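Residue numbers (this note's numbering): 17 to 501.
Because the hints were derived from the structure by calculation, they are not lab data.
It cannot be assumed that every hint is accurate.
Said to hold, decoys possible - Distance windows between CB atoms, simulated:
{"#": "1", "residue 1": "Ala36", "residue 2": "Ser411", "range": "13 to 21 Å"}
{"#": "2", "residue 1": "Glu417", "residue 2": "Pro161", "range": "29 to 37 Å"}
{"#": "3", "residue 1": "Glu307", "residue 2": "Pro161", "range": "31 to 39 Å"}
{"#": "4", "residue 1": "Asp302", "residue 2": "Asp35", "range": "19 to 27 Å"}
Please read all numbers here as calculations on a predicted model, not as lab measurements.
All C-beta atoms in this analysis are idealised placements derived from N, C-alpha and C, irrespective of residue type, glycine included.
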Amino acid sequence: MWAGADSGVPEPWRVKVRDARGDAVGAGIALAGGIVLTCAHVVSAAVGAAERTAPEQPIRVTFDAMRGEPEAAAVVLPDCWAPQGADGSADIALLRLTSPPPTNVSAMLLRLGVPRNREVRAYGYPRQHPDGVWGAAVLAGSTGPHGEWVQLDARVPGQLVRRGFSGAAVIDDKTDAVVGMVVTAHTDDGEGLACMVPVRTLVRYVPRIAEWVGSEVVAPGIVRFGGPRAPTADRTRVEFDAASTPVELLGKRLHDSVIRARSGPTGESTPVLVALTNVDLARQPDVVLHELAKPLAEGAEVELHFSDDSSPGLDQARRWLDEEIVARTAVLGERLDTLERTEQALLRRLAEVGAVVGPLPLIHLSARELRLRLDVLSAEVPGVDAPRVRAALASTERKAERAERAATAAAEEVEALHTRYRDAMDLLRAYHALAVDHGLLEDERLSAVHRPAAGAMAARPCQIDAAEPVVSAYVLAVRRQIHGR
């Protein structure tokens, strides 16, 4: 269930991580299925060793938001350990409780763009407050290694996100969703600065975390459009403040950054999301919109942030988003028409080939199901909840692409099966004719090998996996009779 359901307390998924003495060393986030998300350095602190490899010993965790503060033990999940890199990156671990969780609750993880001044909160365990204390912050923008983190600025004096908050959930005040995890090892206690690892980065380092991630949230003052559109975990994000950079310089920086980001660390092409903040506060907002953002959207996904919800530029961006949705819906409709024809042709071919040879591949027909999804999206009123429609449309497009690949693969598998049958039948006939040419038609030993081969090939449907070995045995027997080997 989601957080709060039948729990009686807010944030019942809140977890305190303890060391062997019982002292708090950090926080954690309980997920469905008895899983806990925290920082790798918190786990190392709990076992008293800074290890590059995941520790094997159990970690003590306490559900301190629940009555009685039930305690449990947890171990690191296989392939879910991303220790802190030399540059401070990663620092993520997933744990599994060794016994059933005290309650079936889960935090709701959501990917969130990085709107400036978005208010968030976190609950941690600094040394002065071993029972825990709240910290209040605002999102300040991307920072840290490779721009992977989001800076948290204190918004209330005395409510700092500081040491002892490592592994704590960063909760969005507007949605109550967890949008990141505090990495307090990089906090400056004197200045009230902290950093979080956003959900998109968590998933990139530990892909299994995606199992607990909901739909992406886009704030009202943000419009995202353009493409290509890739899953959040698969794209590179670059961000610029349009208000603090002259238009000419902004254009050059955008071009250079997109080229670098698109090439990726391996040299392969990588989808890019370009975020432009404070668009309406730029010196020339119309130029930023029409001469930079709109052309850029032809090759990269663009995310525009507006400080004023009544900005004319925001209305223009929303119109572009509506136009994109209409165009993509039409293109997807044509793709689904083609997919349905492909699947129906595949069904007919399966019937033809399946009458002769098997086993046939299992197939899943997706076109009509996807058509229903598209019809629902097409019925949405333009401009109403467009970000959600766009996200659902992108999901449907990816499902259609997978269905297209699956149909192509199934068709190739069917033809390969039929080819195997024809090849085996041609081989059997050719060697039987060769045996006849050499006067071996009445040879009893050869006939004893030919009968099961001919019977296997004549069966309907012919089970090719069983037929091929007996045909090969007959071919070998003919060769031995003719050539003595």
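Each hint, compared with the structure:
no. : hint                        : in the structure
1   : Ala36 x Ser411: 13 to 21 Å  : violated (45 Å)
2   : Glu417 x Pro161: 29 to 37 Å : holds (32 Å)
3   : Glu307 x Pro161: 31 to 39 Å : holds (32 Å)
4   : Asp302 x Asp35: 19 to 27 Å  : violated (57 Å)
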